[in-house]
Amino acid sequence: MDATLTLVVDGRPTTLTVDTRTTVLDALREHLDATSPKKGCDHGQCGSCTVLCNGRRVLACLSLAVAHDGDEITTAEGLAPEGERHAVQVAFLEADAYQCGYCTPGQICSAVGMLDEAAAGHPSAVSGDVAAPPTLDRTEIAERMSGNLCRCAAYVNIVTAIERVHAGETAR
Amino acid sequence: MKPFTYARPDDAAGAVDLVAGDPDAAFLAGGTNLVDHLKLGIASPTTLVDVTSLTSDRIDDLPPAHGDTDGGLRIGAAVRNSDLAAHGRVRAEYPVLAEALLQGASGQLRNMATTGGNLLQRTRCAYFGDRTTPCNKREPGSGCSAIGGWARYHAILGATHEPAGQACVATHPSDMAVAMAVLDAQVQVLGPDGERTIPLEEFHRLPGDDPTRDTVLRHGELITAVDLPAAPIATSSTYRKVRDRASYAFALVSVAAAMEVVDGPDGPVVADVRIALGGVAHTPWRATRAEDALRGGPATDEAFRAAAAAETAGARPIESAVGGNAFKVPLVAGTLAAALRTLAHDPSTDPTEEPG
Ligand SMILES: Cc1cc2nc3c(=O)[nH]c(=O)nc-3n(C[C@H](O)[C@H](O)[C@H](O)COP(=O)(O)OP(=O)(O)OC[C@H]3O[C@@H](n4cnc5c(N)ncnc54)[C@H](O)[C@@H]3O)c2cc1C
Ligand code: SF4
Ligand code: FES
Ligand code: FES
Chain A
1 MDATLTLVVD
11 GRPTTLTVDT
21 RTTVLDALRE
31 HLDATSPKKG
41 CDHGQCGSCT
51 VLCNGRRVLA
61 CLSLAVAHDG
71 DEITTAEGLA
81 PEGERHAVQV
91 AFLEADAYQC
101 GYCTPGQICS
111 AVGMLDEAAA
121 GHPSAVSGDV
131 AAPPTLDRTE
141 IAERMSGNLC
151 RCAAYVNIVT
161 AIERVHAGET
171 AR
Chain B
1 MKPFTYARPD
11 DAAGAVDLVA
21 GDPDAAFLAG
31 GTNLVDHLKL
41 GIASPTTLVD
51 VTSLTSDRID
61 DLPPAHGDTD
71 GGLRIGAAVR
81 NSDLAAHGRV
91 RAEYPVLAEA
101 LLQGASGQLR
111 NMATTGGNLL
121 QRTRCAYFGD
131 RTTPCNKREP
141 GSGCSAIGGW
151 ARYHAILGAT
161 HEPAGQACVA
171 THPSDMAVAM
181 AVLDAQVQVL
191 GPDGERTIPL
201 EEFHRLPGDD
211 PTRDTVLRHG
221 ELITAVDLPA
231 APIATSSTYR
241 KVRDRASYAF
251 ALVSVAAAME
261 VVDGPDGPVV
271 ADVRIALGGV
281 AHTPWRATRA
291 EDALRGGPAT
301 DEAFRAAAAA
311 ETAGARPIES
321 AVGGNAFKVP
331 LVAGTLAAAL
341 RTLAHDPSTD
351 PTEEPG
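Taken in order, these protein sequences are the chains called A and B. Under our numbering, the letters of the first sequence match residues 1 to 172, in that order. Under our numbering, the letters of the second sequence match residues 1 to 356, in that order.
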């Protein structure tokens, strides 16, 4: 059964007709040529498909496209204007926060969403007092990024990259 | 995945009518469990009724109940797990709930998962998710592959072991629900015959002779909200979860606890306590035997462990060469004792507490 819907992908509204079974991830990759979100597991277990939906990080593989008619989807490619790089992207390059790069677009989108959550005062499982405003240290960053697996285990440098963005060492 | 029609009616009543009138229709919320099950072929609705914009996504203050000074909270069914965990009153007055939510899933999943969907997520039993294996929950009468199989995440309390065609030793995977069990939460439901309120403790059911049913909710009944009554004891509450890796993993065992301790002539005394266990049963397991054992007695590590032993006295672990779960009996004792120690006094002064 087909459905017609509009996704605003990296700022560009696109209307497409897809089978209702199509996920946001498949709509992006197979129909809209937006291939930076990656399909790792397709079951919500790895984070490589992470995109921002109306500004919040979500998993594109468990999102049905029909349920997101009109939503703004931002992929790693759309974080900065054409030809420029987002601070998180710069930090990943400078900290050598990847090896094969497969998980990287998902890590970057997740980091952008996570920094916003932390700035809004959201606690995490390792915040000592859940009622207190959180302070982002390496343990907090690792916990908040636990939804993004890296098969190359670039974790140490991923945490460093995010730590630097948070400290303002990389211009946002 | 089987083809399906997607529907978004005008209001909650319209959604209830659509699903109640069609045995093959299902509600869709965040989709983090249902979309996975569509892919695995273990759910195959022909109509999906999206309720994310039809139920409330607000957390509202409830007026004080008769005789109380403070009111509780009403959590709309569409409130995302991340927003519930970040809510000021939840963090300050019901920390057990914020902590449970934050120890579940990942940041991305919590941004998607809703309060209603979380209560109705299905077991993570590996055989339930694998259509090639026998499973009474998925295919009644086919048998239970977990008994004698990989049962590390399975139940030690309240399970059905025989007859073979009805057996099920699955656990309920929600962390949020375990916290809500100690908070005496009330589930608000809209059905074809109107509204009803189901206490959370009665919402999930043991497998009994019908493991296909996880809850008492009837087909077509929509969760509209979850109410948390005012609970002064909950300001001193915590959630402790033990898992195979430090984050982004389901519970082997978890403990939700709230405790009020007063000074007695011979040391601290448990004035009141509420405990629920996760990872041990088909439901969030309210540990009333442990509560009764503790109330009025000393708040000591010894008493905490004795209370856990009282609760697990009737445990029936699964023996299996490829992964049994007898380890859960001592794990419940250790986890319960650790949770209650942190509530009994400042954990930073306890040499048995590990930092972090
Ligand atoms: C990799 C992974 C790890 C996870 N780890 C954890 C964890 O550690 N702890 C934990 O607790 N959870 C964990 N989860 C599960 C997650 O919390 C649930 O999938 C989520 O809470 C379900 O909510 P949803 O809104 O996405 O539900 P959906 O998937 O949309 O729906 C789930 C079910 O509820 C029904 N439903 C939804 N809303 C309503 C309503 N209002 N009324 C009636 N029926 C309704 C649907 O028909 C469906 O049957 C994990 C999930 C994944 C994929
Ligand atoms: S424990 Fe329950 S869900 Fe798992 S295989 Fe047995 S019957 Fe199926
Ligand atoms: S592809 Fe979406 S989480 Fe793995
Ligand atoms: S860089 Fe290879 S998977 Fe992360």
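The hints are simulated quantities; they were obtained by calculation from the structure and are not laboratory data. A portion of the hints provided could be inaccurate.
If the Cβ cut is set under 7 Å, some of the chain A residues that face chain B in the computed set are [claimed, not checked]: (1) MET1; (2) GLY44; (3) VAL66.
Every residue, glycine too, gets a C-beta built ideally from N, C-alpha and C.
Problem set entry | Evaluation of the interface hint that places VAL66/A against chain B, nearest CB under 7 Å | Since the shortest Cβ distance to chain B is 4 Å, the answer is holds.
Exercise. Taking the least C-beta to C-beta distance, is MET1/A closer than 7 Å to chain B?
Worked result: At about 5 Å, which falls below the 7 Å cut-off, the nearest Cβ of chain B leaves the hint on MET1/A intact, so it holds.
Problem set entry | Interface hint status, GLY44/A versus chain B (Cβ within 7 Å) | holds (6 Å)
In summary, this structure violates none of the numbered hints.
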